[in-house]
Amino acid sequence: MSNASNTAIAAEPGIVVRVLASRNLVIGLIVTFILIAMALVSFVWTPFSPTALNFAEKLQAPSLRHWFGTDNFGRDVLSMIMVGARNSIAVSIVAVVVGAGIGVPLGAVAAARGGWIDGVVMRMSDLAFAFPALLTAVIITAIFGPGAVNAMIAIGIFNIPVFARVTRGASMGLWKREYVQAARCAGRSDTAITALHILPNINHVLLVQVTIQFALAIVAEAGLSYVGLGAQPPMPSWGKMLNDAQTFIYDAPWLAIFPGLAITFAVLGLNLLGDGLRDILDPKVRRQR
Amino acid sequence: MISFISGRLLSLMVTTLVASIVVFMLMQVLPGDPALIILGMNAEPETVAALHRQLGFDQPMWLRYLQWIGGFFVGDFGTSITYSVPISELLGPRIMVTVPLALMSMLISIFGAIVIGVYAAANRGKIGDTIAMGIAQIGVAIPNFWLALLLILLFALKLLWFPASGFSGWDDGIWNGLRSLVLPALALGLPLAAILGRVTRSAVIETLGEDFIRTARAKGLSRSAALWKHAVPNALIPVVTIVGLQFSFLLAGTIIIENVFNLPGIGRLVFQAIAQRDLVTVQSLVTLLAASVIIVNFVVDLVYGYLDPRLSNGGH
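Heads up: the sequence lines are chains A and B, in that order. Just so we're aligned, residue 1 is where the first sequence starts under the working numbering, counting upward by one. Just so we're aligned, residue 1 is where the second sequence starts under the working numbering, counting upward by one.
Simulated from the structure, these hints should not be mistaken for lab results. Be aware that a few hints might be false.
Unchecked claim - List time: in silico SDA-like cross-link candidates among lysine to any residue, alpha-carbon distance up to 20 Å: (1) LYS126/B - ALA21/A; (2) LYS229/B - GLY244/B; (3) LYS126/B - GLY209/B; (4) LYS229/B - VAL115/B; (5) LYS126/B - VAL199/B; (6) LYS176/A - ALA186/A; (7) LYS58/A - LYS176/A; (8) LYS176/A - ILE117/A; (9) LYS126/B - ILE117/A; (10) LYS58/A - ASN72/A; (11) LYS176/A - ILE157/A; (12) LYS176/A - PRO146/A; (13) LYS158/B - ASP251/A; (14) LYS158/B - ALA252/A; (15) LYS229/B - LEU245/B; (16) LYS158/B - GLN246/A; (17) LYS176/A - ASP190/A; (18) LYS126/B - SER224/B; (19) LYS158/B - TRP45/A; (20) LYS58/A - THR247/A; (21) LYS176/A - PHE248/A; (22) LYS58/A - THR46/A; (23) LYS219/B - LYS229/B; (24) LYS158/B - TRP254/A; (25) LYS126/B - ARG188/A; (26) LYS229/B - ARG217/B; (27) LYS58/A - GLN246/A; (28) LYS229/B - LYS158/B; (29) LYS158/B - ALA61/A; (30) LYS158/B - THR247/A; (31) LYS158/B - VAL140/B; (32) LYS58/A - ASP251/A; (33) LYS158/B - ALA186/A; (34) LYS126/B - ILE205/B; (35) LYS158/B - ASN24/A; (36) LYS229/B - GLU210/B; (37) LYS158/B - THR46/A; (38) LYS229/B - PHE111/B; (39) LYS176/A - PRO200/A.
Bear in mind the structure is a predicted one, so any value in this text is a computation, not a measurement.
Build out the structure end to end from the sequences listed, making use of the hints.
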């Protein structure tokens, strides 16, 4: 198998050429890069302080001084969006790590063992899917109290069944392949086979799923902060900004427009990145093109 | 087919029961004593104890669970702590908001998806396809509550076509009621239309490549007749499944959207009940929501099995 795939890759154009040929991937990479850069830069520099109140300059429309305008406390919207990116990224990273960290092993065990273990894992994920994800998150934050950390856990929990299903679905067929059967005959344990043969062969599927769940986590975090259950003030968050904007929507529409654009921009970039990765990594999609 | 249905029905009931147990257990760990919320923080311990007895909190947990879930079979969902009325009474008027809202969103989603998906598939590879799928790509990325704010800004505040928030009630005439639901339904339905539109496009493209389309064209059917009479109806099978899956998104969406538009629906009731620690209400509503998702998915499975008999015979 490894020989076959090596020759197949060698016959194709190099990885750089393939990346550049996928428009989705290029745009996705650029947007994701801007997003991460914005969050990192905000640690050392923002145009204005994102938290300091300045009533002399409150509710100003976008201008050269304040590119995205100011809010009712005179805070610079661009600075708040930059710091808000930190919050979105941090919550999403933890949520995806929690979801993949628990979901992938569950799915891998279900596929490796089958039988009742598989049944239990699958019924549990059926059950999780019966609860609308956001509703679960609202209940979890209600139990543990609102805040960024609890939002991470709440979003992470509903990522678990997604990763369990994807991992199980992608690895199920691999267990019937000859090279896996051969490894079994050679006396390798299920754990070793999973680590050496199964996971390396499904990592492209998982990578695509990670970007999708990352995008969903950004929306979920914004939704939770929007209803007041995510990051708490004075920490700026995109969803919270949208909620605050609602009061001033007629007089200061820019307050509602820019944080929403930031969310859409981030999600769009991650979705394109996911599509692009699928284009270049998934052999099935590659052959169709 | 019979064994397929009965097997599914059994797993449906088990899943619903387990879901209700999970919800019940969750509510037990929710902090905040409802008796203290009703009586205020400075209540006498005796009064609190008396109310605990009245609410049934002195009984063992399993008995309380059985009493609560037993009520479901006779339409008794318990009594709301904050409103002091049976939850079934709270549900009535709110269902009349949320169900029409969900149906309108679903119609918008399906209609939008067919328009954009079939158009893109018919113009595959041309500029129209690229533009349609670009719009869909953006539509998928827009969070519904932001779309809601933009719709309010444009259609309610600038153009004054629709109310910005609130619900006038159905007594005021059906048209007035529908008018207050248009913007919320668009905010919920359009992002779903974008997701569904992409599925529709690939489904139509796939069916367009089938032999029966070639046969239809060969017997002299025009391109558009072959598309609408043969390709689209066949492409709708996978689309139906996604519509079912979207139902859960839709329910979750109503929680936020009903808050944005201040609509007196189920989603807002759940949200308020959580905020007010109205445990019985949260417990019953969440169980009902989970049950409705399970039932809708069951119906979708049935429809899917009916449309594609291979599944019900070979599948499970």
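Okay, the hints, checked on the actual structure:
{"no.": "1", "hint": "LYS126/B - ALA21/A", "verdict": "holds, 19 Å"}
{"no.": "2", "hint": "LYS229/B - GLY244/B", "verdict": "violated, 24 Å"}
{"no.": "3", "hint": "LYS126/B - GLY209/B", "verdict": "holds, 17 Å"}
{"no.": "4", "hint": "LYS229/B - VAL115/B", "verdict": "holds, 15 Å"}
{"no.": "5", "hint": "LYS126/B - VAL199/B", "verdict": "holds, 18 Å"}
{"no.": "6", "hint": "LYS176/A - ALA186/A", "verdict": "holds, 15 Å"}
{"no.": "7", "hint": "LYS58/A - LYS176/A", "verdict": "violated, 65 Å"}
{"no.": "8", "hint": "LYS176/A - ILE117/A", "verdict": "holds, 18 Å"}
{"no.": "9", "hint": "LYS126/B - ILE117/A", "verdict": "violated, 49 Å"}
{"no.": "10", "hint": "LYS58/A - ASN72/A", "verdict": "holds, 5 Å"}
{"no.": "11", "hint": "LYS176/A - ILE157/A", "verdict": "violated, 31 Å"}
{"no.": "12", "hint": "LYS176/A - PRO146/A", "verdict": "violated, 46 Å"}
{"no.": "13", "hint": "LYS158/B - ASP251/A", "verdict": "holds, 11 Å"}
{"no.": "14", "hint": "LYS158/B - ALA252/A", "verdict": "holds, 13 Å"}
{"no.": "15", "hint": "LYS229/B - LEU245/B", "verdict": "violated, 26 Å"}
{"no.": "16", "hint": "LYS158/B - GLN246/A", "verdict": "holds, 15 Å"}
{"no.": "17", "hint": "LYS176/A - ASP190/A", "verdict": "holds, 13 Å"}
{"no.": "18", "hint": "LYS126/B - SER224/B", "verdict": "holds, 17 Å"}
{"no.": "19", "hint": "LYS158/B - TRP45/A", "verdict": "violated, 37 Å"}
{"no.": "20", "hint": "LYS58/A - THR247/A", "verdict": "holds, 14 Å"}
{"no.": "21", "hint": "LYS176/A - PHE248/A", "verdict": "violated, 60 Å"}
{"no.": "22", "hint": "LYS58/A - THR46/A", "verdict": "holds, 18 Å"}
{"no.": "23", "hint": "LYS219/B - LYS229/B", "verdict": "holds, 14 Å"}
{"no.": "24", "hint": "LYS158/B - TRP254/A", "verdict": "holds, 14 Å"}
{"no.": "25", "hint": "LYS126/B - ARG188/A", "verdict": "violated, 52 Å"}
{"no.": "26", "hint": "LYS229/B - ARG217/B", "verdict": "holds, 11 Å"}
{"no.": "27", "hint": "LYS58/A - GLN246/A", "verdict": "holds, 16 Å"}
{"no.": "28", "hint": "LYS229/B - LYS158/B", "verdict": "violated, 42 Å"}
{"no.": "29", "hint": "LYS158/B - ALA61/A", "verdict": "holds, 18 Å"}
{"no.": "30", "hint": "LYS158/B - THR247/A", "verdict": "holds, 16 Å"}
{"no.": "31", "hint": "LYS158/B - VAL140/B", "verdict": "violated, 26 Å"}
{"no.": "32", "hint": "LYS58/A - ASP251/A", "verdict": "holds, 12 Å"}
{"no.": "33", "hint": "LYS158/B - ALA186/A", "verdict": "violated, 73 Å"}
{"no.": "34", "hint": "LYS126/B - ILE205/B", "verdict": "holds, 14 Å"}
{"no.": "35", "hint": "LYS158/B - ASN24/A", "verdict": "violated, 36 Å"}
{"no.": "36", "hint": "LYS229/B - GLU210/B", "verdict": "holds, 14 Å"}
{"no.": "37", "hint": "LYS158/B - THR46/A", "verdict": "violated, 33 Å"}
{"no.": "38", "hint": "LYS229/B - PHE111/B", "verdict": "holds, 17 Å"}
{"no.": "39", "hint": "LYS176/A - PRO200/A", "verdict": "holds, 16 Å"}
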